[in-house]
Amino acid sequence: MTISGLVAVAKREYLAFFRTPLGWCVLALFLLLSGAMFSRLVLLPGEPATMRDFFSFWWRVLLVICPAISMRLMSDELRSGTIDPLMSSPVHEAGLVGGKYLAACGFLLTCLGCTLIYPAMLVWLSRVDTGPIAAGYLGVMLLGMYQLALGLVFSTLTSSQTLAFLATVATILLLEVGVVRLAELLSPPWDTWALSLSIDLRLTDFAKGLIDFQHLGFFCLVSLWLVILAACIVRLRRLA
Amino acid sequence: MSTSASTKTSRLARVAVFILAITASCVLAIVLFTRLGPRYDVTAGGSLGLTDRTKGIITGLDRPMTIVIAADLSTLDRSARQRTIDVLEQFALAGKAAGNQAAPKVDVSLLDTSQPDGQQSFAELLNNLAQRDDADIRAQQAAYARVLEQAKASSEKLASYAKVLAGLEREAAAAGGPTINRSFILTRSGAFSAGASDLTSAASEAADLLARPAGVLPVPAFDRAASLLKARTAELPTAIAEHERLLQRVAREPSSTESEKALAQAMLTPIGELRSVIGALASSAASLQTPRIVSIGRAIQARSSALIIDSQPPAGSLGITAIDPDAILSPGLSQQTLDLRARTEDLLAGALVNATRTTRPLIVIAHVLPARLEAAGWPFVNAIVQRASMRGGEIVEWAITQDRAMPSLVDQALKDTSSAARPVVFVLMTLTPDAKRDPAAAAGASVALSRTLKQLIADERSLLIPVLPSNLPLVGSPDPIAESLEALGISIDSGRTLLSAAKVGDRDIASPFTDIPTEATSATLEAHIIRQALTGLRTRMLWPLHITPSRTPNPRYSVTPLLTLSPGPSLWAEGDWLALASAVESGTDFRTIANAPQPSLTGSSRDLLTPPASTWAGPAANVWVTAVAIERAQQPAGTRLQRVIVIGSGRAIYDEFALASQVVDNKPIPSFPGNMQLIESSLDWLSGQQDQIVQAASAQASVTGVIPQMDQQRLARMRWAIALAPPALVLLLGLLVRLLRSEHR
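Protein sequence lines, in the order shown, are assigned to chains A and B.
So the first sequence is numbered by my numbering: it starts at 91 and just counts up by one.
So the second sequence is numbered by my numbering: it starts at 2 and just counts up by one.
These aren't lab readings, by the way, just hints derived from the structure by calculation.
Predicted model, so just to flag it, every value in this text is computed and none were measured.
Among the hints, erroneous ones may be present.
Chain B regions said to be covered by chain A (calculated; three or more residues, Cβ under 8 Å) [what the hints assert, rightly or not]:
hint, stretch
1, 15-21
2, 32-43
3, 72-84
4, 709-717
The beta carbon of each residue, even a glycine, is placed where N, CA and C say it ideally should be.
Could you build all of it, start to finish, from the sequences and the hints given here?
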């Protein structure tokens, strides 16, 4: 695997998002949902000028957006058959998958970058503590990377974008709602272990301005593991 | 198997092993991060961590404590809810760090009483608390039952004596005795009959109170029953003794006729037994105590409470400390810049310290008023009793002009020189009886007050002295209270009050109340722990007086200015303040005194437009000083701590400002929380319990701003703009890019 190959794939994939109407629509949808949520949760006269509640709820928007970004990453190649020329190219599976993943992360970063008008508006309206906002963005980005990696795995498993999208959404929901329900049934310390998989709880710390390397490590490592898993699946496909 | 198949299998196996290895590595790394990963608080004020002081308190705990906060989270202000949850989480983390995962030093529990589960847990908690003090409750119930029995017997004796008197009156009438004697007997008979009836009804009311729970806690209102019985029985022995003395005088008086002497003797005969029964009742009632849990019960509201529970309380200790739940759950006032999170942390930390303490400070409220404070029903007294009880203190009243000596409880505590001696703090109320109504009583009370103050200073007692302005300097006489304070090395100008100019409409008026700035202060002032506790809290003083070092400083004491006011054209010391006081008295509203003297009247030679050039060193120089903390410069070993706080505003601690509140989000919030904080932290400091004083709140409050109020139309426009404009722009840009691309092709 070469870095240049990975960068080339990432650049091509990133630009591909803006070559199709889907990319623009996803971005617009993300901004519409986020804006509506921001105006309902943050723009409340008399309330503290923080984005804490917004960050705690934002993962629900990402739940739709991230699978929408990731669904076509590999499924499209599988459906259109362009996977075979790619496999025969000098690009390693890891470079291919990693490049696509980086492109998706870049697109998510672009989406989040567009929302910087929200903190800018808060700064304009009142006195703001920027630390928790920066931490909140970091948390959301990490969460997005985790969801994109999960979506990438499903995208390598099926040629149907819809199926990849639905499978990703269902898995994220299961991980979020399921573990909380499971924790309720378990006794200590197993309930703590179950709750450690909860996205919401991890995001809450970032939202209030606490950068905990426990969460940082969790998101980064799980994302890395999922990307490697996706690369392995592609490798297995090639071997098969 | 062909070579290619074998190679394939081998590669598949390698991939599988690789996946397993990567999975194991990731799991291991996540576990390591969970155990060892650092946490960084990126808030501006570092508000997500506990202060070193709090961590030290938690680490120093020698037994586990539980913090329980019960609240209706559905009605709680959003910021208050987040703040409470954050602080509790931090205490839980620190508790685990100081102890271990399985047995933390501090355990926390947040009960949501809006949910059935929370309500059930809250009810169970209250039952458990009552159970912990069950032995004490049972013992007190038995004592109360005995007093009720005694009250019943005493009431019968009083009624029986009234009947005896009525019989004597009938006999006197039959014998043609003088009407004046018969009238006296009838009056006395009526009085004893009424006394019997009052005692019966008081006993019946007390029995009712003892038969049902007082509030949310399943414990009767022992305190109310005790005060009812004490109030009804306290005066009876004196009344009987006076009656007896009068009859003895008549029986001995040479000028009395034989029939009068015989009548007096007949009335005296049964009184010995009555005296002993009533004396025994009064003594039993006076010794009635309230189970310790009752004081905590007052701080527990129907759906909210904040408690620190000691899991292994030492013998004789209740092991529960309550905090005013509103102090923790308050949404705060918009004009305050107080760091409420830090205050919540400090309230909990202070309560943890208090829970581990075994000695309870004794707070003596000394006064020269004609009535008992309980009878006066002052809300201030109720508030301070409740707050002192919550923090483990005990309030004792000393009515200087009524009680012959200091209360025995206080006397005993002062004689105790052991290391476990209870701290004793005297709060000297300088209010005197109204001189217009009773000049003689007022003069006598003033003399008694200054004599007591001098004695307390000479005895090196810890004192809280709020000083009222005096009209004596106006007529050239020294104010005895101000004179007494010279011994402490300070001089208080009680003849001139600080007035501030204010605008009402287009007119300048003089106002007797002044808000003390507690935001920007000098480093020296902030260094004092009480000053720190007040930072950010709105504090208001009525008729403030300024304090200077005395001309002959006393090297035994070190004096620290606590509250200061910067000089300015709108603030001066008015010598002719009585003119304004008369205007205030004639009006009903302190806040708008339209007919008050104009500041231009301050040309009087008695007035001071700037602080006297003396005086304080450092940052307090050339400013008005309105409160000082005094401490004995050297504390000899084995002596009691002597600290004094003088507040140049007699009403600052018990006027309407200390308890004034306003409603925010349907909750009463103190309007001048600094006034109550001044009292609480002063009492803590004076009793040597300064580690309970809220300090962290004084840290520069990096309070996040609030979204400003705006009209609905503007708000709606802003919301629509933020929700629709960015996606619309993105779609437009996408369309543009597409058009450009198609043209390029």
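Status of the hints after comparison with the structure:
1. 15-21: holds (count 3)
2. 32-43: Coverage by chain A holds here, the residue count being 9 at a Cβ distance below 8 Å.
3. 72-84: holds (count 3)
4. 709-717: holds (count 4)
Of the numbered hints stated above, none is contradicted by the structure.
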